[in-house]
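First to last, the sequence lines map onto chains V and S. In case it helps, full-length UniProt numbering puts the first sequence at residues 1 to 94. In case it helps, full-length UniProt numbering puts the second sequence at residues 1 to 207.
Derived by calculation from the structure, the hints in this document are not laboratory data. In this text, a Cβ means the ideal position worked out from N, Cα and C, and glycines have one as well. Please note that the accuracy of each hint is not assured.
[Said to hold, decoys possible] Here are some of the chain S residues that sit facing chain V, going by a computed Cβ distance under 8 angstroms:
#  : residue
1  : I89
2  : S95
3  : R96
4  : Y104
5  : D108
6  : M127
7  : L147
8  : S148
9  : A151
10 : P155
11 : D156
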Amino acid sequence: MLIFSVFKTLTDQTVTVELKNDLCITGVLKSVDQYLNIRLDAIKVQNADQHPHMMAVRNCFIRGSVVRYVQLPASAMDTQLLEDATRRESGKKI
Amino acid sequence: MPGISTITSLPNFVTLEQHRELMSSTPSSFAELPAILYHEEPNAAITLDPPLDGFSPEDCASGTVYLLSSVLIFMSTSGKGLQVTYPTISLHAISRAEFGPSIYCQLDETIDGDEEPTPDEEDAMDMRELRINTQSDDSLEPIFEALSQCAALHPDEAGDDAEDFDDAFLDAGEVDFEALNSGENGELSEAGRVRSDLSTNARFAPY
Numbered sequence: 001m002l003i004f005s006v007f008k009t010l011t012d013q014t015v016t017v018e019l020k021n022d023l024c025i026t027g028v029l030k031s032v033d034q035y036l037n038i039r040l041d042a043i044k045v046q047n048a049d050q051h052p053h054m055m056a057v058r059n060c061f062i063r064g065s066v067v068r069y070v071q072l073p074a075s076a077m078d079t080q081l082l083e084d085a086t087r088r089e090s091g092k093k094i
Numbered sequence: 001m002p003g004i005s006t007i008t009s010l011p012n013f014v015t016l017e018q019h020r021e022l023m024s025s026t027p028s029s030f031a032e033l034p035a036i037l038y039h040e041e042p043n044a045a046i047t048l049d050p051p052l053d054g055f056s057p058e059d060c061a062s063g064t065v066y067l068l069s070s071v072l073i074f075m076s077t078s079g080k081g082l083q084v085t086y087p088t089i090s091l092h093a094i095s096r097a098e099f100g101p102s103i104y105c106q107l108d109e110t111i112d113g114d115e116e117p118t119p120d121e122e123d124a125m126d127m128r129e130l131r132i133n134t135q136s137d138d139s140l141e142p143i144f145e146a147l148s149q150c151a152a153l154h155p156d157e158a159g160d161d162a163e164d165f166d167d168a169f170l171d172a173g174e175v176d177f178e179a180l181n182s183g184e185n186g187e188l189s190e191a192g193r194v195r196s197d198l199s200t201n202a203r204f205a206p207y
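Work out the full structure: start from the sequences and follow the hints.
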C-alpha cells in the first residue's frame with residue numbers, strides 16, 4: 001500500500017511510465033488504484049518511432065501489472081520521508 | 001482461459017439493474033452468478049492487428065461489443081464472436097485518429113504463460129492491437145470507463161512480483177506474530193492493533 005499512497009500524492013504531476021514491452025509514455029498522472037493501474041492524461045509516447053500506433057491518443061489507462069518503471073519528478077518526492085516509510089514497512093515484516 | 005479466443009455464443013449475463021435485483025436477496029449459489037453487463041455497443045466494428053486465426057476481417061466489420069464483468073466480447077453479425085480476458089488488455093485509450101474516433105487497446109497474450117500456438121510470419125511480437133470503432137463518439141467515454149472498471153475487477157493473481165507491499169498476502173512462514181501482539185512497552189503495531197481487537201477475552205471476562 002505504500003507505493004499506492006506515494007502515487008496518490010503525485011496526481012497532476014507529469015510522470016513517465018515504462019511498460020514491460022518497452023513502451024515509454026509520458027503524461028499527467030490523473031489517478032491510481034490499489035493495483036497500481038494508472039490513468040494518464042495528455043500522453044506523449046517517448047519512443048514513437050517504435051510504437052507509432054498511439055499517435056492520436058490523449059488519455060490512457062495502463063494496467064498495473066504491465067508497468068516496469070515509473071519515472072517520477074524528483075521535485076515532487078520527499079526521498080527522506082519515503083526512505084523512512086519503507087524502512088518502517090520492512091521492519092514490520094521481519 | 002486463453003487471453004484471446006473465438007466463441008460461438010454469448011455467455012449468460014445480466015444488466016446492472018438485474019444484478020441489483022438479484023443481489024437484493026441471497027442467491028442460491030454464489031459460484032454461478034452470471035456476469036454483469038457494464039456496456040453494450042451495437043453497430044460497432046473492430047480491427048485486430050495482427051489478425052487472429054479464425055476471425056477474419058469480414059467478421060470484424062460489424063457486430064456488437066459486450067463489456068461483461070468477466071470478459072470483453074465482440075459478437076460479429078457473422079455469428080462468430082471474439083472474447084478477450086481483461087488481464088490481456090495492458091493498456092486502453094480513446095484514440096482520435098483519421099479514421100474516426102475509436103477505442104484503442106494493446107493486448108498482451110504472454111501473461112497467460114501459454115506458448116504462442118504458431119509463430120507469426122512477421123516479427124514475433126507478443127503484442128496485438130485492438131481498435132473498437134463505434135457509430136457515435138458519445139459512446140467512447142462510457143466504453144473507456146467500463147473498460148477501466150472491468151480491468152480493476154481482474155487484478156493479477158497473488159504470487160506476481162510486486163506483491164511485497166501488500167501485508168495481506170504474507171505466507172504463513174513470514175507472519176510476524178510479534179507484530180500482532182504487544183511490544184515491550186505494551187504498544188501495539190498497526191497490524192497488532194487490528195488483531196488484538198478481535199482476540200481479547202472480553203467475551204469471557206468482560207470486567
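How the hints compare with the structure:
| no. | hint | in the structure |
| --- | --- | --- |
| 1 | I89 | holds, 7 angstroms |
| 2 | S95 | holds, 5 angstroms |
| 3 | R96 | holds, 5 angstroms |
| 4 | Y104 | holds, 6 angstroms |
| 5 | D108 | holds, 6 angstroms |
| 6 | M127 | holds, 6 angstroms |
| 7 | L147 | holds, 7 angstroms |
| 8 | S148 | holds, 5 angstroms |
| 9 | A151 | holds, 6 angstroms |
| 10 | P155 | holds, 5 angstroms |
| 11 | D156 | holds, 5 angstroms |
The structure fails none of the hints (numbered hints given earlier).
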